[in-house]
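Chain residues, written in single-letter form:
Protein chains: 2
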Amino acid sequence: MNNFDFYNPTRIVFGDKTIAKLDELLAKDAKVLLLYGGQSAKKTGTLDEVKAALGQRQVAEFGGIEPNPTYETLIKAVEMIKAQSFDFLLAVGGGSVIDGTKFIAAAACFDDEKDPWSILENYGTNITQALPFGSVLTLPATGSEMNNGGVVTHKGKHAKLPFRSPLVYPQFSILDPTKTYTLPERQIANGVVDAFVHTVEQYLTYPVEGMIQDRFAEGILQTLIEVGPKALAEPNNYDVRANLMWSATMALNGLIGAGVPQDWATHMVGHELTAMHGIDHARTLAIVLPGMLQIRKESKAAKLKQYAQRVWHITEGSDDEMIDQAIAKTEEFFQQMGIGTRLSDYDLDEATIEPLTEQLKAHGMVALGENNDVTPEISANVLKLRI
Amino acid sequence: MNNFDFYNPTRIVFGDKTIAKLDELLAKDAKVLLLYGGQSAKKTGTLDEVKAALGQRQVAEFGGIEPNPTYETLIKAVEMIKAQSFDFLLAVGGGSVIDGTKFIAAAACFDDEKDPWSILENYGTNITQALPFGSVLTLPATGSEMNNGGVVTHKGKHAKLPFRSPLVYPQFSILDPTKTYTLPERQIANGVVDAFVHTVEQYLTYPVEGMIQDRFAEGILQTLIEVGPKALAEPNNYDVRANLMWSATMALNGLIGAGVPQDWATHMVGHELTAMHGIDHARTLAIVLPGMLQIRKESKAAKLKQYAQRVWHITEGSDDEMIDQAIAKTEEFFQQMGIGTRLSDYDLDEATIEPLTEQLKAHGMVALGENNDVTPEISANVLKLRI
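Those sequence lines, one after another, are chains A and B. Our numbering numbers the first residue of the first sequence as 1 and each following residue consecutively. Our numbering numbers the first residue of the second sequence as 388 and each following residue consecutively.
Okay, chain A solo, but in the shape it has when bound (with noise of 0.2 Å):
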């Protein structure tokens, strides 16, 4: 096992009717700012039920944070603090608007000399202080909710850069998973998906012996290939939701991670198809992965077979064969929550893969994965894999 540190003080306030707690989690004479992001928040009644929730208190919103959410936006909702002095910030919504309360909350409390966007460029190690903040979750997929780390876009300057801190973690998270009932099909469908692969990314690596790790990995890889159909299928059944859920949390809270190496080059490039042709992060994820475990399986191998005969309880056949199995398995799994895992399934083709090989150069990803050996070249093979 690798050496780690591992800290997450979030809380996490789950279940049925926990929106009720919000008059506890906070401080009875707090300036609240709500942040959510489109009308769904509204047409649900969930911030509703948050305002509900909060009494007395003297609360404001801010709505209108988009998916990718953009500097642009964000830093409105910065001036707006600043004008009014809040105490807490709290997101109403799924990882977008969790990753952009992350940055307004550093970026609230930042030096007024200092440009905002220099967060993103220095990946928040230059976050000092930042407001402190909590989220109500109703969407299952990012792990936001449980994480110190964002995501965000600036439009001006096309650019999508990731920050994290020690300072942006959730004071507190409430997950109700009622709350997930009304989502579309589609985004239930890339949350499976996206906390598949947020698994995935921190487990098919090389053997480290980080049992518990690797147990833990499986264990929400089980879980989500069970939920993930049924999330489909029984929008309503309680249980479901709730595993899906508490595993989209669990992949990327930091705990599976730890200790362990870590891949991360299916994401890299799948950032690069959303940036270029604007596709769901999750289903670039589907697109991306089945090739890398393909043309990386020989690095990859020890940790397949274990993944071949734990997850997919394979067991016949050579190691080789019970490897593709695995793969296989992957990818049906993918289309079975009806997410195309083909460049071909959005209208891509061949010619998609040189200009987004320049573009993984141009943004310095030229050496991924835990070996650091994913050169654009091999991205561009798994691509040619993938029409």
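Quick caveat, the hints were computed from the structure, so don't treat them as lab data. Since this is a predicted model, take the numbers as computed values, not measurements. Beta carbons: idealized from backbone N, C-alpha and C, even for Gly. Do not rely on the hints blindly, as some may be mistaken.
[Stated by the list, open to error] Dumping the calculated BS3-like pairs for lysine-lysine here, alpha-carbon to alpha-carbon at most 30 Å:
{"hint": "1", "chain 1": "A", "residue 1": "Lys305", "chain 2": "B", "residue 2": "Lys771"}
{"hint": "2", "chain 1": "A", "residue 1": "Lys305", "chain 2": "B", "residue 2": "Lys418"}
{"hint": "3", "chain 1": "A", "residue 1": "Lys230", "chain 2": "A", "residue 2": "Lys76"}
{"hint": "4", "chain 1": "A", "residue 1": "Lys28", "chain 2": "A", "residue 2": "Lys43"}
{"hint": "5", "chain 1": "A", "residue 1": "Lys230", "chain 2": "B", "residue 2": "Lys692"}
{"hint": "6", "chain 1": "B", "residue 1": "Lys547", "chain 2": "B", "residue 2": "Lys771"}
{"hint": "7", "chain 1": "B", "residue 1": "Lys404", "chain 2": "B", "residue 2": "Lys429"}
{"hint": "8", "chain 1": "A", "residue 1": "Lys329", "chain 2": "B", "residue 2": "Lys404"}
{"hint": "9", "chain 1": "A", "residue 1": "Lys42", "chain 2": "A", "residue 2": "Lys31"}
{"hint": "10", "chain 1": "B", "residue 1": "Lys429", "chain 2": "A", "residue 2": "Lys305"}
{"hint": "11", "chain 1": "A", "residue 1": "Lys76", "chain 2": "A", "residue 2": "Lys160"}
{"hint": "12", "chain 1": "B", "residue 1": "Lys418", "chain 2": "B", "residue 2": "Lys501"}
{"hint": "13", "chain 1": "B", "residue 1": "Lys692", "chain 2": "B", "residue 2": "Lys617"}
{"hint": "14", "chain 1": "B", "residue 1": "Lys547", "chain 2": "B", "residue 2": "Lys469"}
{"hint": "15", "chain 1": "A", "residue 1": "Lys155", "chain 2": "A", "residue 2": "Lys361"}
[Claimed, not checked] One-sided excerpt, in silico: chain A residues whose CB lies under 7 Å from chain B:
{"hint": "16", "residue": "Met1"}
{"hint": "17", "residue": "Phe4"}
{"hint": "18", "residue": "Phe6"}
{"hint": "19", "residue": "Tyr7"}
{"hint": "20", "residue": "Ile12"}
{"hint": "21", "residue": "Phe14"}
{"hint": "22", "residue": "Gly15"}
{"hint": "23", "residue": "Glu209"}
{"hint": "24", "residue": "Phe216"}
{"hint": "25", "residue": "Gly219"}
{"hint": "26", "residue": "Ala242"}
{"hint": "27", "residue": "Asn243"}
{"hint": "28", "residue": "Trp246"}
{"hint": "29", "residue": "Met250"}
{"hint": "30", "residue": "Gly254"}
{"hint": "31", "residue": "Arg342"}
Take the given structure of chain A and dock chain B to it, following the hints.
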């Protein structure tokens, strides 16, 4: 899945040579009180290593915290702190030293007008403040390094009581697996069984569709079954000790117990065996657990079958046969760790059962277990199976 509230802010610094990180973890001007148990922290050099890492900081020592730490000893540390006002407490040892330090941290900030023992009488609910503290763990077993509970014995009152409070989480815990190399076999064996039974108490109840919790618990149990015997056979095997250490921490840091029923009847009966006959805590659990599972197998049938299949990979026989095999395997595992699983292994016979049942009644342990249906009579029947 049941509703739950999960919060655990302890930072874990894990790995070889991590004691040196104390220098980053503590303020440069901190005045530190080191707390430890017997001579082993000195003899092994761990205490010196800790002091070296603390560099020029003002450091005082308080040694002699015993296994099953006593109020009488701990209160002397409280007096020392009140007289000399330290900023930070640093526990160097196992569960007893860390449990004791939690009490000291709270009692040192307790109202001078009030009796600090009332902290135990109120299960910690009257703690309003505690000194910050951390730990350097030398003995993997109890999980105290990453939870907010402790147990203190009052010799004068013949009482052993638990307490907990969100204010007594260690700020950090350093887990260096090499520090366990010199532990006696008996302590390693006890630690493995203690962590195993902690997990079982939160897992072998009745199903509530806590799929992630079940998978994680099964992962810890499978890891302990794999590393336990190796930890005895290969005391200097780093990965074995690392996985044992991380398993024991994960077994009782709140995660696998969040959102699921919990039992703890085995622990309550075991505590009486320790109190009356001085048997090591883990050994009492090894005596009691197989009987608890046998007698209560009807109400635990669904989870026992799952345990048989997923943890012990038993696939043959009727449900009842599979369950019996799993209980037998559990007992064999404890024996494989060199631990006696019968009262007679500790020179006790049937005569011990009635007085012990009376003690359970005297301590209010009359409705134990996840269904509150384990009466003293049932506990007596459990022990009759264990002669």
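Hints, one by one, checked against the model:
no. : hint                 : result
1   : A:Lys305 to B:Lys771 : violated (47 Å)
2   : A:Lys305 to B:Lys418 : violated (52 Å)
3   : A:Lys230 to A:Lys76  : violated (40 Å)
4   : A:Lys28 to A:Lys43   : holds (27 Å)
5   : A:Lys230 to B:Lys692 : holds (24 Å)
6   : B:Lys547 to B:Lys771 : holds (25 Å)
7   : B:Lys404 to B:Lys429 : holds (17 Å)
8   : A:Lys329 to B:Lys404 : violated (42 Å)
9   : A:Lys42 to A:Lys31   : holds (21 Å)
10  : B:Lys429 to A:Lys305 : violated (46 Å)
11  : A:Lys76 to A:Lys160  : holds (18 Å)
12  : B:Lys418 to B:Lys501 : holds (26 Å)
13  : B:Lys692 to B:Lys617 : holds (27 Å)
14  : B:Lys547 to B:Lys469 : holds (25 Å)
15  : A:Lys155 to A:Lys361 : holds (20 Å)
16  : Met1                 : holds (4 Å)
17  : Phe4                 : holds (5 Å)
18  : Phe6                 : holds (4 Å)
19  : Tyr7                 : holds (4 Å)
20  : Ile12                : holds (4 Å)
21  : Phe14                : holds (5 Å)
22  : Gly15                : holds (3 Å)
23  : Glu209               : holds (4 Å)
24  : Phe216               : holds (6 Å)
25  : Gly219               : holds (3 Å)
26  : Ala242               : holds (4 Å)
27  : Asn243               : holds (5 Å)
28  : Trp246               : holds (5 Å)
29  : Met250               : holds (6 Å)
30  : Gly254               : violated (10 Å)
31  : Arg342               : violated (31 Å)
The earlier numbered hints that this structure contradicts are 1, 2, 3, 8, 10, 30 and 31.
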